[in-house]
Amino acid sequence: MLGKTAGGLYWMFRFLERSENTARLIEAGFRIALTRSNDTASEWKSVVTTAGVRASYDAKYDSYTATNVVDFLLRDPTNPSSVMSSAEKARTNARMVRTALTTEVWEAVNENWMVLRDTLKRPVKETDLPTVLGNIRRQSALVRGAMHGTMLRTDIYDFAQIGTALERADNTARIIDVKYYTLLPSSQFVGSALDNVQWETILRSVSAHRSFRWLNEDDMTSANIADFLILDSRFPRSLSFCSRIIEDSLGFLAKDYNQTHTCHDLIEAQRNTFRTLSIAMVFDAGLHQFINDFINQNNALGQQIEADYRFNG
Amino acid sequence: MNTPRKHFDEMLLGANDVRAPYSAYDTWFAAQDPARLTKKSKEAEAFFRRTGITFNVYGQTAAQERLIPFDLIPRIIANREWTKLSKGIEQRVRAINMFLHDIYNRQEILRAGIVPVDLIRKNVAFLPQMMGFSPPGGVYTHIVGTDIVRTGEDDFFVLEDNARTPSGVSYMLENRETMLQMFPELFSQNKVKPVSNYPKNLRRSLEASAPANCDGRPTVAILTPGIHNSAYFEHSFLADQMGVELVEGHDLRVMDGRIKMRTTRGFETIDVLYRRVDDDYLDPLNFNPDSMLGVPGIMDVYRAGNITIANAPGTGIADDKAIYSYMPDIVEFYTGEKALLKNVQTWRCSEADSLKYVLENLADLVVKEVHGSGGYGMLVGPAASKKEITNFAAKLRKNPSNYIAQPTLSLSTVPIFAKKGLAPRHVDLRPFVLLSPKGMDITPGGLTRVALKEGSLVVNSSQGGGTKDTWVLED
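For the record, the sequence lines run as chains A and B.
For the first sequence, this note's numbering gives the first residue as 1, with consecutive numbering after it.
For the second sequence, this note's numbering gives the first residue as 1001, with consecutive numbering after it.
Chain B on its own, in the form it takes in the complex (with noise of 0.2 Å):
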C-alpha cells in the first residue's frame, strides 16, 4: 500500500484530457494571463481579511482569528454525478432521522439485533433524557452536512454524517460570491445551479420545524456560545442573512414555560433556537452543570413541546463514528432498500480481530476517534513517523474502543493555483441538507474541503486545509 498511487484527478485525466465537466473551465483558463489571476487571488484574500470571515483556532493564543486560505479555481461537478449523489444522501438523511426516532422511543433495530445495544448504552452521545419524546414532525436533524470523497468516475463515499452541528456553509456562500465578483464572465460560461438561497431556505425549514403550539409567523433565533468560538464569524453571517437574532445563553431565561429572549422593549418568546453549542453545554440543570454557555432548564421546555431545538439534542448518536461502519445496515432497515452511496470499510478497534488487524497494520491505516472531529487527535498511517506510530499504538491499546480505522482512501485530486501553475491536491466534498416537516432541501453543490500541502490527505480547516468554490452545472 506505500507504493505511489494514481490518484483520480477531477479535471484532468492525463496531460491533455480535460473531463468534460471542466472543458469550458479549461478554455477560459488557457487564455487567463497568470500574473492577472495571481493579483485576483491576492484580492481575493483581502476582501476575506476585511469582511472578517475568519475562524479561530483552539489552543493558540497569537493571531487567533485566521483566515481559510480560498482557492480559486473551481471544483465541477456534473448534474447527472449531483443528481445520484444528492438521491443517496436524500436517503442517508432519512434512514438517519428514522434512526434517531427509533433509539429514543421503541428501539426495534437493537432488538433485531442489528446494532448492539452496548454501542447505544454505552454511548456518550446517546441522551436518556430524549426517550419517549418526538420533536415535530419527527425531524431530528434539521441541518446536516454529510462528508463525501471520491476515489474514481463513479466511487463516491460517505467519510462521516456529521448530524450535530456542522459548520461551513458561510465558506460555501461567501466563495460563490467571491467568485462572481471576480470572474463574473465564468457564470455566463457556465450555467452553475445557485447556492444563494440557502439562508432563506433555512429560515423557511426552521419555521416549518416549529411547535405545533406556535401560533402566527415562529421566531427563529440563533445560539452561539459567543464571538471566541471557532466558528462565531458563521453564526453572525447567518443570523444576518436569515434576519433572525444571534443570542448567547445569557440572552434567554425560561419565563411562562417558554423560552424567552431579552429584549430592549421587554422579553420576546422563541420558537425555534438553532443551537450552534453542543448537547453538554446546552442545559446545565439538565446536562453539563458547569455550563456557562446553554439556558438552565432548556430540556424541560423542548420536553414540554414549546420550543423547537434544532438539531435535537441526542443526535450525536447517529454520527458517532462507530455507529457509521453500521449504517449500510441502518439504512436498509428503514428504508428496505440497499444504501446508494458506499460507506468507507471500517474496523472497530472494539473488536478483538479487528484490534489486532488495526495494531498490525497502523502504517496504512487512518484511525479516528470514535467522537473526534475537526481533524483532531487522529493517525494518518502513511504520513505519520515511526515514532508517531508507537506512541499511537500504545493509546489504541489502552483503550481500543474509543477508535476506528480505515484503508488510507486514495482521494480524489482538483487542481490548485500554485505558484508553478496548476497542482493537484486533495479534496472531499460537504453537501448542506436542510430538513423540516415539510420537505427536504439540498443545495447543490457545498464546500469543497482542499488539503493545500502536496500529498496531504487532512482537508480539515484547523489543519492546513482550504476552500474551493463548488459548482453544479446545469445539464
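Chain A extracted, bound-state conformation (with noise of 0.2 Å):
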C-alpha cells in the first residue's frame, strides 16, 4: 500500500470520528442548556474547550450563546473541526484513497457530505437541532456499518482503524480534561443536584447515560465515573478500549508486514500501563496530570504512526 494512502485512510477516519464527537458534544450541550436555566454560558464554553477550538471561537463571538457555539461548531467554515468541514476533509480523505475503499464504504462517505452539505446550507433553527443532529448520527452510522460489513481486514483496515481509535481517545481524554474537577473526589459539590447534572453532561458527551447506568445501576460516584471513562475494557470509547484496538491493528500490521517499529514500543509501554492501573492510582497520581499524560502520549504516538508508515515521506 502507499504511504500516502495509509495516511489517506488514518486521516479519512480520525476525520469522521471528529465529525460525530463534535455532534455529539453539541447534543450534549443543548440538553444542558435546555435543563439548566442559569449560567448556560459556562456551559457552552466549556463544550468549545472540549472541541479545541476555543481560540478560532474567541476570536469571532465575544460571549457564549447557544446560537453561536452551535453554528461555529457545525458549520463554520472557518473551523477546521466543525462537523462540516470534518465531513468535507473525510470525504477529500475518501476521495484520495478510493482504490483503497469498497463501493459502499465510499458511497456511503460521499452520501454523509451531500446529506450534511444539504442539510447544513443554513444555520440550524433550535427547534430542527434534534433532527439535524439525530440526522448525523444516523449518517456516520451508516458508514461505520459499510465499513464494517464490507471491507477486508487487511492494512487498509488497520489503519482505518487505528485513525478512528487514536481521534476517540483523544476526544474522551478531552472531554476529561476539561471537566476533570467535577470528578475528583474530594469535590465541594460531592453528592449534589450540581454533580449529578455535570457527571450526565460528561455521560451524554460519549453517548454513555444508558451504558454506565447498566454498568453500575445506581452507584454513580466520580470515581466509577472516571473509570468507566479511562479504564473500561467494554466501554468501547475508554482510553483503555482505544488504547487495545491500536495495539490490535498495530500487531496486524506487524504481522501482515513482518516489520515492527518505534510505534510499537510506545503502544506496548502504554498497555504495560493501563493492565496494572487501577483509579485509585489514577487520583493518587493527579487526574488532570494523568489526562494531561495521556493527550500528549497520544498525540505522539500518532505521529511515530505517520513516520514509520511514511504517510508524507
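Just so you know, these hints were derived from the structure itself, not from any lab.
None of the values given here were measured: they were computed from a predicted structure.
There may be inaccurate statements among the hints.
Result set (DSSO-like, lysine-lysine): computed pairs, CA atoms no more than 27 Å apart in a straight line [said to hold, decoys possible]:
1) A:K60 <-> A:K89
2) B:K1087 <-> B:K1419
3) A:K121 <-> B:K1342
4) B:K1342 <-> B:K1042
5) B:K1342 <-> B:K1084
6) A:K255 <-> B:K1084
Pairwise CB distance ranges (calculated) [stated by the list, open to error]:
7) B:M1182 <-> A:A141: 28 to 38 Å
8) A:N312 <-> B:N1361: 18 to 28 Å
9) A:R137 <-> B:G1455: 22 to 32 Å
10) B:E1369 <-> A:R137: 25 to 35 Å
11) A:N312 <-> B:A1020: 55 to 65 Å
12) B:R1265 <-> A:D248: 18 to 28 Å
13) A:T150 <-> B:E1185: 46 to 56 Å
14) B:Q1181 <-> A:G134: 24 to 34 Å
15) B:A1423 <-> A:Y61: 32 to 42 Å
Virtual Cβ for every residue (Gly too), placed ideally from N, Cα, C.
Mind docking these for me? Both chains are given alone in their own frames, and the hints should help you get the complex.
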C-alpha cells in the first residue's frame, strides 16, 4: 500500500470520528442548556474548549450563546473541526484513497457529505436541532456499518481502525480534561444535584449515560465514572479500550508486514501501564496530570505511526 | 452555407422510417411510459452523484464538481459499420506509431518532403529528448481515443487523433453499467457487444509493454496530477478496476536507477507507468522546472530502458492539429495503402492563401488552436456573433500558425430524451484503442458525446455536452 494511501485512510477515519464527536458534544451541551436556566454560557464555553477550538471561536465571537456555539461547531467553514469541515475533509481523503475503499464505504462517505451539505446549508433553528443531530448520527452509523460489513480485514482496515481509535481516545480524554474537577473525589459538590448534572453531561458527551447505568446501576460516584471513562474494557470509548484497538491493529500490521517500528514500542509501554492501573492510582497521581500525559502520549503515538508507515515521505 | 441543412439522423430517416440498427429499440421505446423514463433518468443522475462520477471544471470556483449529463437513449451502431470503422482506426493508429518512431529516429518522412521540416522543428509538442530512443516494441501510443464524426450513411471522418492522454473511458464503462441496471430487458432483446473487459485489457496491454529487463509480473501504476484534476475520477476508477496503485509525483522517486513508489513497507519498483500528466509536467529536471506533479529524473530512467511510460513522451507531435492535415499522406507513406478513414478538409492558417480564405469565410468555418483541446479557445463561425468573429479575426492575424480551420460539418444527430419526447442532437464518437507490442484492441463502440443544446455542434463536457451509452450490435 502507498504510504500516502495509509495516511489518507487514517485521516479519513479521524475526521469521520471528529465530525461525529463534535455533533455529540453539541447534543450534550444543548441538553444541559434545556435543563438549566442559569449559567448556560459556562457550559457552552466548556463545549467549545472540549472541541479544541477556543482560540478560533474567541477570535470570532465575544460571548458563549447557544446560537453562536452551535453554528460555529456545526457549520462554520472557518472552524476546521466543525461537523461540516470534518465531513468535507473525510470525503476529500476518501476521494484520495478511493481505490482502497469498497464501493459501499465510498458511497456512504460521499452521501454523508452530500446530506450534511444540504442540511447545513443555512443556520439550524433550535427547533430543528434534534432532527439535524439525529441525521448526523445516522449518517455516520451508515459509514461505520458499510466499513464493518464490507471491508477486507487487511492493512487498509488496520489504518482505518487506528485513525478512529486515536481520534476517539483524544476526544474522551479532552472531555475528562475539561471537566476533571467535577470528577475529583474531594470536589466540594460531592453528591449534590449540580454534580449529577455535570456527570450526566460527561456521560452524554460520550453517548454512555445508559451504558454506565447498565454497568453500575445507581452507583454514580466520581470514581466510578472516571474508572468507566478511563479503564473500562467493555466501553468502546474508554481510553483503555481505544488503546487496545490501536495495539491490536499495530499488531496485525507487524504480522502482515513482518516489520516492527518505534510505534510498537510506544503502544506496548502504554498497554503495560493500563494493564496494572487502578482508578485509585490515577487519583493518587493526580487525574489532571494523568489526562494531560495521556493526551501527549496519544499525539506522539499518532506522529510516530505517520513516520513509521511513511504517510508523508 | 447558412441555409438550414438536413442532418443525417442515425435513428430516424423520416417520421416513420427507423434505421435498421434501431428497429428493436424503437419497438421497445414505443411501449414505454414516458413518466417512467423520466423517473429512470432522475435515478441515473442520483446514481452518478452518489458514486461521485464527476468532473472538475477549470476556471470555476463554485460547484467545482459537476456531473456529465447522461442521456438514456443509446447510440446504436451496426456491426457492419463498426467493422469498417475499426479497420480504419487500426490503420491510422499503426501509421501514427510508425510516424512517431520515424520522427524521433531517421526522419525519413521529412527527407521525402511529405511533412515540412519546420512543422516538426518549430513544434512545441516535439521533444528532442526522445531523439534516437525507441520505446519497448516501438509502441508510443498505448492508449488512443480517436474522435470520429459522421455526416451520412457511409461518411465517417476523423476529427482528432488524441494520441496524448485521451479521457472519457470511465464514462463509456459507467454508462453501460447504468443502462444494464436501468433497462436489463434491452440487453436480452438486442445483442450488444460488451465493453466491460476494457480495464482487464488495459492492464494486460500495459503489462505487455513493460521494459525488456523486467522479470516476473510487471508492476503497473497510474500517475495522476491529484484530486483537483478534471479527470481525477477516471484516474481512480481505472486504478481501482485494474487493481493497480494510483500514484502522484510525490509518491515516487528515483532509486538505484529505477522509479520506486513509497509504500507502508518500503519502496517498490514500478515497471509501467500509465501517466495522466502532460509531457511538460512529467519531469522538472528535463521539462518544466516548476512542475510539482512529476518525478525529477524519470526521463533518464526511461531512456535507460528501466520503465515504460504510457503514452510515451512526445506523442503530441502526432495529434497536433496542423500535422492532422497531413494524416492521409502519413498513412499512405507508412502503410502503402490509401487511408480508410477520411480527414476533414483543413486550412492551415500558416499558409498565406489559406489564411486569406479563412479570414474571408470566418462565419462559415470552425477555427481551432493547433494545440487546443477540450473545446477551449475555438470559434464556431455559424454560432458566433459579429463581435466574436471580429475579435477572433484579430487573434488569427496576430498568430496565424497557431490556428487551423475546417468547414462546419453537418454532424449526424441521435435523438435525446427531452421533456417533449425525442429530440435530435449532434453527436461524435470516441472509440478507445489499446496498443502493445503484442497487438491492438479496440473496444466496440466507445464514448458518444452529445451536444445537449439544440443546434449546438460543441460536444465537449466542459462546454455543456452530455454522453450516451454506445452499442455495437452483433450481427
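Structure versus earlier hints - violations, ascending order: 2, 3, 4, 6, 8, 9, 10, 13 and 15
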